[in-house]
Every structure is written in C-alpha cells, then in structure tokens.
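Student: Going by UniProt numbering, the first residue of the sequence shown is number 1, and it counts up by one from there.
Don't read these hints as lab results, they were simulated from the structure. Treat the hints with care, as some may be off.
Beta-carbon label-pair distances, calculated as ranges [unchecked claim]:
(1) 14 with 58: 25 to 35 Å
(2) 99 with 61: 11 to 21 Å
(3) 91 with 37: 18 to 28 Å
(4) 91 with 17: 20 to 30 Å
(5) 38 with 96: 10 to 20 Å
None of these values were measured; they are calculated from a predicted model. We treat Cβ as the ideally placed atom computed from N, Cα and C, and that holds for glycine.
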Amino acid sequence: MISVANRIHVKAEYHDIFEQRFRDRAGLVDGMPGFIANHVLRPTRDGDPFVVLTFWESRESFEAWTTSDAFRQGHARSGTLPKDAFSGPNVLEIHEVVTR
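Whole structure, please, built from the sequences with the hints as guidance.
Tutor: As structure tokens, this is what we get:
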C-alpha cells in the first residue's frame, strides 16, 4: 500500500473555498481500482500547507488514476481558483505504508 500526499499552500483568505471544492468534489477517484481512501488535512499553523492524502493498494493503481479520463474530469475544476490563492507550488510525495 502507498500514500500520496499533495501539499498545497493556500492563502488564508482562500481556505474556505478550497475546502468547499473538496466537499463538492466529483468523487470519481472513489471508484478507481486500488483506491482506498482520501483525506483533506487543514493546516493548524499559519503558512503550513493543506495536505490532500490518498491511499492506494499500489503505485500502479495510483499511476493508472493519474492517466485516466476520470482524473482529467475530476481535476477540471482545480484551475478555477485564481493563481494568487496559492502561496507557493504544491509538492507531491509518495510513501510506502509500513504499518497501519
């Protein structure tokens, strides 16, 4: 199993709308083979990033998602926040899950 953490720096004045985008998400990832869970983590300190954390049965499952039509459809709205909503580039991290 792997986890994928997408660390996204969002300016404080855009936190609510950023969170709402995930509450209203299309949910297409939920039906993907190998998908386990999706969590959106809100920062508790100013300047820290949101973390969009997903869990997958394998790296191959995650990579199949990123090249799928469902991925493109699910991320079609991700560009609707203005560029100034973000205070830096996102950082994608992939880890193998050692314990549960």
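Student: Hints first: check each against the structure and report whether it holds.
Tutor: These are the hints, each one checked on the structure:
Checking the proposed 25 to 35 Å range against residue 14 and residue 58 shows it holds: the Cβ atoms sit about 34 Å from each other. Against the hinted window of 11 to 21 Å, the Cβ-Cβ separation of residue 99 and residue 61 comes to about 20 Å, which satisfies the hint. The hint said 18 to 28 Å for the Cβ distance between residue 91 and residue 37, and at roughly 20 Å that hint holds. At roughly 21 Å, the beta carbons of residue 91 and residue 17 sit within the given window of 20 to 30 Å.
For the pair residue 38 and residue 96, the supplied restraint of 10 to 20 Å holds, since their beta-carbon distance comes to about 18 Å.
Consistency note: the structure conflicts with none of the earlier hints.
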